[in-house]
Structure formats: C-alpha cells, structure tokens
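Participant: Protein sequences, first through last, are from chains A and B. Sequential numbering from 1 applies to the first sequence in our numbering. Sequential numbering from 1 applies to the second sequence in our numbering.
Quick caveat, the hints were computed from the structure, so don't treat them as lab data. What you are looking at is a predicted structure, and each value in this text was computed from that prediction instead of being measured. C-beta: ideal position from N, C-alpha, C; glycine also. Please note that a few of the clues may not be correct.
To be verified - Some chain A residues judged to face chain B by a derived CB distance under 10 Å, without partners named: (1) Ser54; (2) Arg71; (3) Ala74; (4) Ala75; (5) Arg77; (6) Val79; (7) Pro87; (8) Phe93; (9) Gly94; (10) Leu104; (11) Gly137; (12) Thr139; (13) Ser156; (14) Leu219; (15) Gly223; (16) Leu227.
What the hints assert, rightly or not - Between beta-carbon pairs, the in silico distance windows are: (17) B:Ile96 <-> A:Ser230: 53 to 63 Å; (18) B:Thr175 <-> A:Ile115: 30 to 40 Å; (19) A:Val73 <-> B:Arg81: 12 to 22 Å; (20) A:Ile20 <-> B:Asp155: 52 to 62 Å; (21) B:Arg238 <-> A:Asp24: 44 to 54 Å; (22) A:Glu68 <-> B:Pro60: 36 to 46 Å.
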Amino acid sequence: MGANGIMLSIENLTIAYGNIKAVDNISLEVNEGEIVTLIGANGAGKSSTLRAISGIVPYSGRIRYRQEDLRGVAAHRIVAMGMAQVPEGRGIFGNLTVMENLKLATWQRKDKGDIPKDYERAFGIFPQLQKRRDQLGGTLSGGEQQMLAVARALMSRSSMMLLDEPSMGLAPMLVRDIFQVLCDINRAGTTILLVEQNAHMALSIAARAYVLETGRIILSGPGKELLGDSRVREAYLGVDA
Amino acid sequence: MTYVLQQLLNALQVGSIYALIALGYTMVYGILTMINFAHGDLFMVGAFLCFVAAVTFNLPFVPVLLLSMIGVAFLGVVIERFAYKPLRQAPRVSAIITALGVGLFLENFTLALNPYPKQIPQLLENTTWTFSGLSVSSLQVFVIILSLVLMWILDLIVRRTMVGMAMRAISWDKTVAPLLGVPVNMIISVTFAIGTSLGGAAGVMYALAYPVIDPYMGIMVGWKAFIAAVVGGIGNIRGAMIGGYILGAVEIMVVAFMPSTYRDFIAFVLLLVLLIFRPYGILGKPHPQKV
Ligand SMILES: Nc1ncnc2c1ncn2[C@@H]1O[C@H](COP(=O)(O)OP(=O)(O)OP(=O)(O)O)[C@@H](O)[C@H]1O
Ligand SMILES: [Mg+2]
C-alpha cells in the first residue's frame, strides 16, 4: 500500500448548505486495515462528511483515497475505486427484492464470476436474509433492513466501507450482532470508517476516534483512550465525570 | 355481436398506440418525477421521421421503424441532457415550462420544414379479411401485435436486467443508487432513450394507420396518452399499458353509441371520475416520498 498505509485522508474539509456551515475545516485520516469512528451529537456534521467522501455533496478542501484526489470524481466511480457507503437510514430499495438489492451493489465489479460466492458469504453472515431473498426490501423489519444494508456493502467487495449510524433504531442485542459483524469484516481486510451516536459501542471497537461538535473536530485519539476521557464521558456517554 | 367485436378490435389498435406513448410519460416520471410535456411532440417527430425514411430515402418498413425509433431516442436523450438536466434541482415549475417550450420548438421546427401536411405512402401490404361480418385488416393486427411485442420487451428489460433494476431503484431513491455504484445519469439517459423510442414507434404506427400527418398531431394524442398514464398510475409501467387500452376502449365505445363529437368530452369525464375514486390511478400507490 501507499505511503504510511494511509487509505483515506481528509484535509481542511468544509461543507456548507447555503449559508449554514455543516462541517468547518476538519482533517482526518484512516489507515489501511483500521476501524476509525467519527462520533458526535445530532447535527454535528457526521453524515455530511460521509456524503462528501462519497462524492454526493459539494465541498471545499481535499479528500484523497489511496493517494487519489476525489474532487470531481462521480459517486459511482468512487464505488468502483473500492469505497462503499451504508447510508443513514439504511437506504434499502423497498420496491426491489432482497436479492435485487444485493445484486445492484455488484454493478461496478469486474470479477463477475466471484459474485455467487459472495452471496453465500453474505447469507452466511446474515442467515435471516437468505429466507427473505425474494421478499421486497420494504417488507423487512428495521433490523433485517440494516443487515441487508451491510450485506449490500459487502457485495460491492469494497476495500473501504463507510457506515452511517448502523445501530440506529436497533435493539441492543442486534446492535451487538452488527458490531460483531463489522469487527469480522474488518479482520477479513476491510477498512472501516464508522459514524455513530452510540459512542460507547463505537469507541470500544475503534482503533482511533474523532469527536465532531457543530462541524469541528474537538478531540481525537485511540478509541479506548476516548472512552476514558472525561469530556467524552460527560457529553456522549451520559456519565458524570 | 360482430359490431361489438369490430369496435373492440379498433379499441385495441388505438389503445396500443396510447399505451406505447403513455409508457414514455410514465418511465420519465418514474425516474425523475417530472412530466416530459414534449413527449407528444416526440411522437409527432417519429411520424415525420417515418415520412423522411419512407419517402426521401425510400426505405422499406423495418428500417423505417428502426430509424424513427433511434432518431426519436437520440432526440429524447439530447433534450434531457441539455434542457432538463440543468434544471434537476430547480423548482418543478421550471422543468414543466421548459418541457412545454421544447414541445413548441419541436412543433414549429417541424412546421418550418413541412408547411403542409404530409401523406405517408403505404409501407405495408394491407389485406382485409372478413369473418362472418367482422372485417379485420392486416395493418390493424400488425399494429396490435408489434405494440404488444415492444411492451413485452420493455417489461423484460425492466424486470429482468440490471439496467431495469437500476431504473426501479432510482425511482425509489435517487440518492442511494450512486452510493452502490449505479451510474445514475447514464440510467436516466437510457430511460429517456427507451421511453422516447416507444413514442417514436407509436408515431410510425399512427402514420401507417392514419397516413396524413401534420406538426400538431402530437398535441391531442400526447394529452390523451398522458391521461392514460395517469389513469394507470403515473410511474407504473404496467399501469401505463392498462391505461392506454382503457382510454382506447372508452373512446371507441363512446363513438360507437353516441355522436362522435362527444368522444373526447366523454372520455375525459370518465377519466376524471375514475381519478376521484382512485386518485393514484389503477395500479399507482402513494409513494413514500423522500425529501
Ligand atoms: N441538505 C441539507 N440542506 C441544508 N442543511 C443541511 C442539509 N443536510 C444537513 N444539513 C445541516 O447540516 C448540519 C449537519 O447535518 P448532518 O446530517 O451532517 O449531521 P449529523 O451529524 O449526521 O446528524 P445526525 O446524527 O442527526 O444524523 C445540520 O445542522 C443540518 O441541519
Ligand atoms: Mg447523520
């Protein structure tokens, strides 16, 4: 891999919607093989950051993936370069079957021959989905939709996965399962940038973390370290420091 | 009895043409939630391309059909790319006005080149068979079968291919599709190409059945096909097909039993009544709109 094994580097990223600055001059890095988390409260700018990385909102600053500047690269080309996103709210196509949702994510793949093997892998991780393969996405439960969203990202065989609040709206049991899957996927070689409000879970699996507050990074460091940080405990873990 | 059968056959023929045009409206609406009000005029251009191919280039039917379909598809893609795409984020009314303007441009451009109505030569041999009073023309049968074949192909594309899957996905949620690697602009272009090419095919078939064509022929036919699409449930492909045939049937039945000047009036009233009871059309569903 490239210099220092940096997979994704963001320098001086600023995102504005009209006059509202959603993200204000942030910089961050994700190394190859890492799980990095970006935590913050509602409206901090987490989703905006992921949207900029995936090329679906305009921004200023520089975003590089494997040394390549992503400015002006179309969103579907970024997927072809190996970066997939599980968007906020899961983004399941309710009018497509489970199988079709998965298949669509293989659009950019060149190795069409390996796709059947990857369906098996996805169904191995999420056996519930296999039973529902011909059911419309819109008829799945929230938890199943989240599984499908992760499985879909797996089908793109990307080397880097961006996840936007995969724990949102799920029962604690299911959150643990999903996070376990993320750890497994990571161990199998996928680099992960995880956006979460569930700071406790995110910090406990992340190698490094960034804390975003109203568009600025106010804190960063190893996940375990931030778990013990008094400011983090107070603001994001609901613990009196 | 034979009278009813006779009218039913006529209804199938007219309905096929409405259905093909209605598909163009519904496909574009499905993917962009926009009504392409120039679509009726693209149908008209299809008829004129049929004239050019048949008279100027003296081509036989199959190349005439293909040339018209490809020509109209190309025009449709160019219109989308240069007139509609820049307005995707603009208020909806801008896109509507632009579409109406494109339609007027097509009408007047065609008028400038063709100040007088044109007569389409007979491209296909037309035999009429008679079965105990029921007269069936081969042209009629041909129009119906060709339309059904085109619709069957479209249905296969939409249901069975990756491109069709992408069209359905984009119609559900445009922002997520690119995150999965789907080239959204390309799929929108393909949708315009397919939808408008069906309008072009309808133009050719209309020209065969009613061989005098003029630059304004697309206005009324276009409105009716649009209404057929709404009746079927705008955005729903099978709905557009059903809507086209229903409109054809209503029209023909009105003419069969009432003075023919009542035709459009009664047809439109019936459709309005249907929409009161089924505001989303026959197969349409209120779609969970994402903002
Ligand atoms: N399309 C938009 N137009 C205008 N403002 C927007 C838009 N999207 C986001 N914002 C604003 O930008 C800010 C950051 O939003 P963003 O969605 O990135 O936050 P977030 O950290 O993901 O929040 P949450 O945890 O609630 O998902 C918010 O103040 C939001 O209101
Ligand atoms: Mg968010």
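Participant: Now look at each hint and say whether the structure bears it out.
Facilitator: Quick rundown of the hints versus the structure:
The closest approach between the C-beta of Ser54 of chain A and any C-beta of chain B is roughly 6 Å, which is under the 10 Å cut-off, so the hint is satisfied. For Arg71 of chain A, the interface hint is violated, the least distance from its beta-carbon to any beta-carbon of chain B being 16 Å, above 10 Å. The beta carbon of Ala74 of chain A comes within 7 Å of a beta carbon in chain B, closer than 10 Å, and the hint placing it at the interface holds. With a cut of 10 Å, the hint placing Ala75 of chain A at the interface with chain B holds, because the nearest CB-to-CB distance is about 4 Å.
For the restraint placing Arg77 of chain A at the interface with chain B, the shortest Cβ-Cβ distance is roughly 8 Å, inside the 10 Å limit, so the hint holds. Taking 10 Å as the C-beta contact cut-off toward chain B, the hint placing Val79 of chain A at the interface holds, the least distance being around 4 Å. This hint holds: Pro87 of chain A has a C-beta 6 Å from the nearest C-beta of chain B, less than the 10 Å allowed. Interface hint at Phe93 of chain A: satisfied, since its Cβ lies 5 Å from the closest Cβ of chain B, which is below the 10 Å cut-off.
Satisfaction of the interface hint for Gly94 of chain A is found here, the shortest Cβ-Cβ separation to chain B being roughly 6 Å, below the 10 Å cut-off. With its C-beta approaching chain B no nearer than about 6 Å, Leu104 of chain A sits inside the 10 Å limit, and its interface hint holds. At its closest, the beta carbon of Gly137 of chain A sits 9 Å from a beta carbon of chain B; the interface hint therefore holds under the 10 Å criterion. Proximity of Thr139 of chain A to chain B is violated relative to the hint, the smallest CB-CB distance being about 13 Å (cut-off 10 Å).
The interface hint given for Ser156 of chain A holds, since its Cβ lies 6 Å from the closest Cβ of chain B, which is under the 10 Å cut-off. Because the beta carbon of Leu219 of chain A sits about 28 Å from the nearest beta carbon in chain B, more than 10 Å, this interface hint is broken. About 26 Å separates the beta-carbon of Gly223 of chain A from the nearest beta-carbon of chain B, more than 10 Å, and the hint is not met. Here the hint on Leu227 of chain A is broken, as its CB sits about 30 Å from the closest CB of chain B, past 10 Å.
The beta-carbon spacing between Ile96 of chain B and Ser230 of chain A, approximately 57 Å, falls within the hinted interval of 53 to 63 Å. For the pair Thr175 of chain B and Ile115 of chain A, the beta carbons lie near 25 Å from each other, so the given range of 30 to 40 Å is not met. The hinted window of 12 to 22 Å between Val73 of chain A and Arg81 of chain B holds, with their beta carbons roughly 20 Å apart. About 45 Å separates the C-beta atoms of Ile20 of chain A and Asp155 of chain B, a value inconsistent with the hinted range of 52 to 62 Å.
Separation of Arg238 of chain B from Asp24 of chain A is about 49 Å and conforms to the stated range, judged on CB atoms against 44 to 54 Å. Distance hint check for Glu68 of chain A and Pro60 of chain B: the Cβ-Cβ separation is about 53 Å, which falls outside the suggested range of 36 to 46 Å.
The earlier numbered hints that this structure contradicts are 2, 12, 14, 15, 16, 18, 20 and 22.
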